[in-house]
Amino acid sequence: MTNPLADSITDVSAKPDPGAIVEFDGVSKWYGHVIGVNNLNLKIPAGVTGLLGPNGAGKSTLLQLATGQLRPSQGTVKVLGHRAWNNFALNRYIGLCPEQDAFYEWMSGREFINACARLSGLSPRDANDATARVLDAVKMTEHANRPVKGYSKGMRQRTKIAQALVHDPLVLFLDEPLTGTDPVARRDLLDIIHRLGDEGRSILVSSHVLHEVQVVTPHIVLINRGRLVAVGNIRQIRDLIDNHPHRIILKSPEYRALAAKLVVCEDVVGVEIGRKNDTILVETNSPDRFYSRLSSLALSADSPIEEVYSEDDNLEAVFRYLVNS
Amino acid sequence: MSANVRQMINEPIVLSRGVSPSALFTLFRMSVARLIRGRRSLVLILLFSLPLLTVVIAQMYAPRYDAADAARNVIFLFIPQTLLPLTALIFAAGMIQDEIEEQTLTYLLIRPIPRWLIYVTKLAATVVVTAVFTTVFTTLTYAVCYASDPRLKTEILPWVPLRASAVMIAALTAYVTVFALISVFTRRAVVVGIAYIVAFEGAVANIEFMIRQYTIIYQFRLISLRWLDIQISEWNLNPATAPALSDGVLNLALTIVVCMTIGAIAFSRREFRVKTPEGA
Chain Y
1 MTNPLADSIT DVSAKPDPGA IVEFDGVSKW YGHVIGVNNL NLKIPAGVTG LLGPNGAGKS
61 TLLQLATGQL RPSQGTVKVL GHRAWNNFAL NRYIGLCPEQ DAFYEWMSGR EFINACARLS
121 GLSPRDANDA TARVLDAVKM TEHANRPVKG YSKGMRQRTK IAQALVHDPL VLFLDEPLTG
181 TDPVARRDLL DIIHRLGDEG RSILVSSHVL HEVQVVTPHI VLINRGRLVA VGNIRQIRDL
241 IDNHPHRIIL KSPEYRALAA KLVVCEDVVG VEIGRKNDTI LVETNSPDRF YSRLSSLALS
301 ADSPIEEVYS EDDNLEAVFR YLVNS
Chain P
1001 MSANVRQMIN EPIVLSRGVS PSALFTLFRM SVARLIRGRR SLVLILLFSL PLLTVVIAQM
1061 YAPRYDAADA ARNVIFLFIP QTLLPLTALI FAAGMIQDEI EEQTLTYLLI RPIPRWLIYV
1121 TKLAATVVVT AVFTTVFTTL TYAVCYASDP RLKTEILPWV PLRASAVMIA ALTAYVTVFA
1181 LISVFTRRAV VVGIAYIVAF EGAVANIEFM IRQYTIIYQF RLISLRWLDI QISEWNLNPA
1241 TAPALSDGVL NLALTIVVCM TIGAIAFSRR EFRVKTPEGA
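Going down the list, the protein sequences come from chains Y and P. Using this note's numbering, the letters of the first sequence map in sequence onto residues 1 to 325. Using this note's numbering, the letters of the second sequence map in sequence onto residues 1001 to 1280.
Hint data in this document are derived by calculation from the structure and do not stem from the laboratory. It should be emphasised that the depicted structure is a prediction, and the values quoted were computed from it without experimental measurement. Just so you know, even glycine gets a beta-carbon here, dropped at the ideal spot from N, CA and C. Some hints here could point you the wrong way.
[Claimed, not checked] Examples of chain Y residues lying across from chain P (beta carbon under 10 Å, computed):
hint, residue
1, Leu96
2, Asp101
3, Leu122
4, Ser152
5, Leu170
Could you build the full structure based on these sequences and the hints that come with them?
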């Protein structure tokens, strides 16, 4: 049996692209007996690229290899034509929004971003200007003087993106930038990433949710269990995913009211109360319609939505399908 | 595609190996801020309050209180034997480990600063913070010891505490480099450090045998003997046969340079994973 999707996706062993910004050449990474990345050959071109894979697929490992934090067990990783591992001079040209929700909590958002600017080698005056510019870009100017420890998840994610941008890097790596954010923050963050792409930056954005990635780029890299599954256009992948019911978890203090609103929607095929009392699990056969409705739902007073997670079981099924075929 | 990226693809960028002093100063400032926050400083203040309390009790209840004896016993026996290594351990063990545990190390590693320089800058911040603590509490201890003694203003302040602090800071710097080095290799730096303090700096340093010359506390005693003319019978140091002052200074300097170099190299080559892969 042939898989039309796999056929339509770019062959991963295609000839090297001379315009590659990030290059993985026979890269493997082991953590003891656990494999993080397995013999990866990949050229990522300039522009915005989505890095898609379920949790544990190796996305963070791949980004940490690209940003020189991890040394490949085998093969070479190059960014902008230079070796990535432990190459401090390269860091002037790259920015990373890490996955972990970690900050110097005692600092205000402005102090944190300013410190990152100074660490990147900007003079005090340039750092102040750059801090003001990126705070404005991520819409955090109003909250910039508050301590980071009081920030909401969305504000923390914006701050992380701001620190990655503050030294005006050529290449930006965003590791799950939308995780745990509310729908409004999610929409804003996607707008920011979209705008950065329009400005001509090269961005590699990782996610385990296809519908997040497709908003910012049609070009995706699919990995699973440390292996490259496919590189290509998002449309074919999305069509396949839509054949599987999509499961989304919503967190809301008014979860019953929210469930009541959702259960009457045509595209919603199931609603369950989650194991934690303030969450509901929604199954939809039309994720696009569902996600487009979320922002307005989140803003309504009787059914506020605090967080949105997408279960990646469905994506895992797609990966299995791709790998097996 | 932006002009920058287009140009860069055709013509690879030339990387500048220079490091901004502003970046290093910021790293130093951040490291100091991290070190002096939280419970660590509080624990240290409590620890250094112990000798002060002991002196106050002695002044109140000892039948024959002698300020010079009290100062010598507290400042040259108790503090260097216990508080100095503990202070160094408390601060140096967290120098890198705190950044790893709180997952903030990433923000430093992705900056255009060589890793060895990150290590050395953080080490310098640790030494400065602990040195300030030590100097303040040493001076305070002298002041309390000589509280009702007229010599406090005429003979003691400010030079006696400062000279004693200088010797302590030299030993402290050596301790900091040793414990920072340990913390690069193991997460259990505090446990290993305490074992080192008890077994090596505690037991071995007090045995009159050649190996004690490799302890930091021995070098501290030697410099105190030769430079400050402090003689304490428990040290088992004979002024007639003890090595010269330069030997003590050189040995401490060597310890500092060797430990710092190994630590910086190890830190440069080590991977710091912020996220453990599933199943690992």
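Verification of the supplied hints:
Using the Cβ-Cβ criterion of 10 Å, the hint placing Leu96/Y at the interface with chain P is satisfied: the shortest such distance is roughly 5 Å. The beta carbon of Asp101/Y is positioned within 10 Å of a beta carbon in chain P (closest approach about 8 Å), and the interface hint is therefore held. Taking 10 Å as the C-beta contact cut-off toward chain P, the hint placing Leu122/Y at the interface holds, the least distance being around 7 Å. For Ser152/Y, the interface hint is violated, since its Cβ never comes within 10 Å of a Cβ in chain P; the closest pair sits about 19 Å apart.
With its C-beta approaching chain P no nearer than about 6 Å, Leu170/Y sits inside the 10 Å limit, and its interface hint holds.
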